[in-house]
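> Chain order of the listed sequences is A and B.
Using the numbering used here, the letters of the first sequence map in sequence onto residues 1 to 352.
Using the numbering used here, the letters of the second sequence map in sequence onto residues 1 to 352.
Some clues are possibly wrong.
[To be verified] Reference excerpt, derived from the structure (chain A facing chain B, CB under 8 Å, subset only):
#1 Asp-80
#2 Ala-88
#3 Ala-272
#4 Leu-345
These aren't lab readings, by the way, just hints derived from the structure by calculation.
Bear in mind that the values here come from a model prediction, so they are computed numbers and not experimental data.
Where a beta carbon is used, it is the ideal one built from N, C-alpha and C, also for glycine.
Next come the chains, spelled out residue by residue.
There are 2 protein chains.
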Amino acid sequence: MTDISKKKATIYDLSILSGASPSTVSAVLNGSWRKRRIKEATAQLIQKLANEHGYKANLQARGLRSSRSGLVGLLLPVHDNRYFSSMAQSFEAQVRSRGQCPLVVSACRDPEEERQVVETLISYSIDELFIAGATDPDGVHKVCEKAGLKHVNIDLPGTLAPSIISDNYEGARMLTQAIIERAQEDGPLSPDDLYLFGGRNDHASHERIRGFRDVKRALLGADPDICIQPTGYSPAMTARAFEAFYEGHGKLPRAFFVNSSINLEGLMRFLALHPHETFADIIVGCYDYDPFGSFLPFPVFMIRQDSEAMITRGFAILDADRGPAITHLVQPTLVPPRTALIGPLDALKDIE
Amino acid sequence: MTDISKKKATIYDLSILSGASPSTVSAVLNGSWRKRRIKEATAQLIQKLANEHGYKANLQARGLRSSRSGLVGLLLPVHDNRYFSSMAQSFEAQVRSRGQCPLVVSACRDPEEERQVVETLISYSIDELFIAGATDPDGVHKVCEKAGLKHVNIDLPGTLAPSIISDNYEGARMLTQAIIERAQEDGPLSPDDLYLFGGRNDHASHERIRGFRDVKRALLGADPDICIQPTGYSPAMTARAFEAFYEGHGKLPRAFFVNSSINLEGLMRFLALHPHETFADIIVGCYDYDPFGSFLPFPVFMIRQDSEAMITRGFAILDADRGPAITHLVQPTLVPPRTALIGPLDALKDIE
DNA sequence: CTTTTTTGCACAATCGATGGTGCAATAACT
DNA sequence: AGTTATTGCACCATCGATTGTGCAAAAAAG
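Kindly produce the complete structure, drawing on both the sequences and the hints.
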């Protein structure tokens, strides 16, 4: 603080200033000094000097020596999405509170990129890795395994490492039931009136589709395959699917289940091209929560996945060290239309 | 790849395997081998061995020696917001395409936290830093300065380093004009019918408020102070401001300008407590773009800030090395209601 | 067949911290 | 006073790369 020197102070500088050896300085500054039986007075002197000179340990050097970096990684498919960005937010908070440094990266749902990004993180000797929504969790697992890196899967399960995911089946059941009941308030609902858009060949989509179909069959008696319209996690493809349906039927289905908020963005693209009065009576369910998505001009039921709880569980599992490769389910909650939930931002103090 | 050894290979391992010295191996693997006049055959042998053993440089060691890490930091106020998360998304892409590793962190709009987080990043020897939306850019600047870290401000300007920000004044003018014109379609608008909610004591808010007031005065002839309601960047506080207005007037203002999407979330919280029919005729302008925010059940004009361009400019400035501490303006665009823009996600390939 | 030049590489110091080991000086016991 | 225990710290190897320097061997020049 007081000091104006250009270069960053090292333990060697403090060693000279204090008259102690570098190893003593190191011990004092990394907290191991009691164990090393350093005199209290010596420690205080060194700490005083360190403060005066704004000493900060070089974490690359420390990491090199100790082969730990204090970095904890979170691998996301994308940032630009409320589900994942709020996961990033909770992740950061939890990592920081453990005295480590969060490293959030995205890999664009590309299996090869996922592995490469993780290789890079490993080159920085990260200590732990959360693999969220990976397209190929087991591929990433192998990379981690080889490097001895502790890791868990979040959101999409793997078979080789512990996984913490939403209870997609139950969530989809809740959501499907909610939109059916709501749609039936406007009159009887035929199986052809209820569609599902979005999702692809991943575990979450499968489970959600399974939940959707089970409830639909139970409540509406039938479940034609045509009502399932996978589009990938792409707004553009989803918009195309809505457009195609619209061209064929002159309207949208009375009610539909949208696999994620990313797919819901596809619906927005479709809506932008059509006057909204035309679709004033649709009922939508979206497997994801977005505060604005909840207030669209038609009823939108949403599912809020508890990413904060998943991260917490993830740390618990990593701390417990080498848990079995089982899948832990976290319950999501059904969010009725027009609901503004509080989120991680509310934890922030914000002065006016 | 082929290799099954437990530990990561180092240049020393490859040195033994190839019969070359560690320095030769190093030179081959970091690309400086031509400069060092290493025989082509030697280089190829070493590269082959490196591939076979899945060699990856230890970046902490490299960073320690060269005092560069290949890490580029982006300091955000928060993740959980479309503006900043899409900034993170473009940032990542650009950093990766430059062969570096992105490090995105948030500091919760807390000046002390901002400085500490940056100190931590510096301890990892990051090479460059983008300071986005910092509460105290100049405080952060000083920390960077002392460490000789190249940096630029994004979104909120500082006085000591180059800054790249939205043209908030022009953006606010466009937005204000758009909502006034739209509101006047429903009949004459009095100055008391047009409010501004959100924002606080930062440069962006000041400029937006200035733009708002200038246009309002020009078009509506007056601009009572009461119509400016700063709430900070907090959904909860913003909701309270709407609630207070509603209690006093039995309705919301006919038209209003919301300072950011975070404040717009405050409007959602208010709306959740009231039947939306009551507010079917409000006209809203929001300084930020959110794809779902654009489709609320009343007209929402939005401003899309070009975060991608800001990042690009930022790199240009950093590459030009030590630009003057001037402020560069990036033009935002006005987004009419019910518009679904494509975003960084559309760059992703997504197989069905 | 020398002398000079070029080629190809090895050596060793260094970045800044960590942690095992060993050795004085002091304190505690006979 | 002589012996043993304890305290307090210094020394040094080490983590894995980078890079300036130097020196043989090979090639080119004379």
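> Does each hint fit the structure? Answer for all of them.
We went through each hint and held it up to the structure:
Hint status for A/Asp-80: holds, given a least beta-carbon distance of 4 Å to chain B, under 8 Å. Nearest Cβ of chain B to the Cβ of A/Ala-88: about 4 Å, under the 8 Å cut. The hint holds. Checking A/Ala-272 against chain B by beta carbon gives a least distance of about 5 Å; that is within 8 Å, so the hint holds. For A/Leu-345, the interface hint holds, since its Cβ comes within 8 Å of a Cβ in chain B; the closest pair sits about 6 Å apart.
In the structure shown, no violation is registered for any of the earlier numbered hints.
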